[in-house]
Amino acid sequence: QKEVEQDPGPLSVPEGAIVSLNCTYSNSAFQYFMWYRQYSRKGPELLMYTYSSGNKEDGRFTAQVDKSSKYISLFIRDSQPSDSATYLCAMSAQSNYQLIWGAGTKLIIKP
Amino acid sequence: NAGVTQTPKFRILKIGQSMTLQCTQDMNHNYMYWYRQDPGMGLKLIYYSVGAGITDKGEVPNGYNVSRSTTEDFPLRLELAAPSQTSVYFCASSQPGGPYEQYFGPGTRLTVT
Numbered sequence: 020q021k022e023v024e025q026d027p028g029p030l031s032v033p034e035g036a037i038v039s040l041n042c043t044y045s046n047s048a049f050q051y052f053m054w055y056r057q058y059s060r061k062g063p064e065l066l067m068y069t070y071s072s073g074n075k076e077d078g079r080f081t082a083q084v085d086k087s088s089k090y091i092s093l094f095i096r097d098s099q100p101s102d103s104a105t106y107l108c109a110m111s112a113q114s115n116y117q118l119i120w121g122a123g124t125k126l127i128i129k130p
Numbered sequence: 033n034a035g036v037t038q039t040p041k042f043r044i045l046k047i048g049q050s051m052t053l054q055c056t057q058d059m060n061h062n063y064m065y066w067y068r069q070d071p072g073m074g075l076k077l078i079y080y081s082v083g084a085g086i087t088d089k090g091e092v093p094n095g096y097n098v099s100r101s102t103t104e105d106f107p108l109r110l111e112l113a114a115p116s117q118t119s120v121y122f123c124a125s126s127q128p129g130g131p132y133e134q135y136f137g138p139g140t141r142l143t144v145t
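Chains as they are written, first to last, in my numbering: chain A, 20 to 130; chain B, 33 to 145.
With the rest of the complex left out, here is chain B:
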């Protein structure tokens, strides 16, 4: 049981490039989330999904897109990367029903230069 896995661990992008951050969970969780965490800051929700085929915007969705074709996978797409997207990105998952505790992946550290 690997939990939540994310790839890649690190990535450097040039301004204007695009990339996909991968996230997979093997806990059969319905809910999945993408967060970004800037240095010394808390977690900001980018997008979330309550099940395959259903996604919705979080607090900071601009510049990102997601899809959820299976229960296990929830990739995050960055289009036209900007320096403001330099951050650490975390994927998380949770089950329906309280307490809704979330399980996190190890993160992807992205630098846009």
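Bound-form chain A, shown alone:
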């Protein structure tokens, strides 16, 4: 079993829809939870990070962590075609600088 599981998709939704992207993990030591966005033929870029449990909002994006279920989510409101990209989750423990990565979910927003 992988430490971090993420559905590779693709996930295709119409413009304006609310998108939910998810990762599950097995290591209870993870404290930092990140979402990266990767456009085609580009390097990943950090979108948001959350420490421990709870929600974090940034514009149209909301990151949610449920440590009791070992489940993290990224919600995108009012999705736009420019949000079409691969979204990768990544996690790390308090004392370990190495990130553990999900496989990434390819998201397609149809105009």
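Worth flagging that the hints you see were computed from the coordinates, not collected in a lab. Be aware that one or more of the hints could be misleading.
In silico DSS-like pairs for lysine-lysine, Cα to Cα no more than 27 Å straight-line [as the list claims (entries may be wrong)]: (1) B/76 x A/125; (2) A/21 x B/41; (3) B/89 x A/75; (4) A/89 x B/76.
Place chain B on chain A using the hints.
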């Protein structure tokens, strides 16, 4: 502030050839990483470094070598290229202390034929 830069952007190698992928960061980050990303797959860690003179193997180090003589530079060497090394290679860097977010370069697209 250029962040993380990588050269070359593209390269085609013949089987058995060698090459060095260059990576430079100007953020004074201690930690640097090399990943490969195969189509439709996530990132696999090849090598990493926690500071000048210190390197260690990641998940998939076979066929690669690294060195870290300065804080800024972290080149990745491919010896005796094989078709299995066809991939996109990303260099990244991060600071010590949580949350350890990594900053990525634009990638090098390598084909071995």
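Against the structure, the hints come out as follows:
For the hint linking residue 76 of chain B to residue 125 of chain A, the alpha-carbon distance of about 18 Å falls within 27 Å, and the restraint holds. Restraint check for residue 21 of chain A and residue 41 of chain B: not satisfied, since their Cα atoms lie roughly 31 Å apart, outside the 27 Å limit. Taking the CA atoms of residue 89 of chain B and residue 75 of chain A, the gap is about 34 Å. The hint is violated against a cut of 27 Å. Our distance criterion of 27 Å between C-alpha atoms is met by residue 89 of chain A and residue 76 of chain B, whose separation comes to about 22 Å.
In terms of the numbered hints stated before, the structure departs from hints 2 and 3, listed from lowest to highest.
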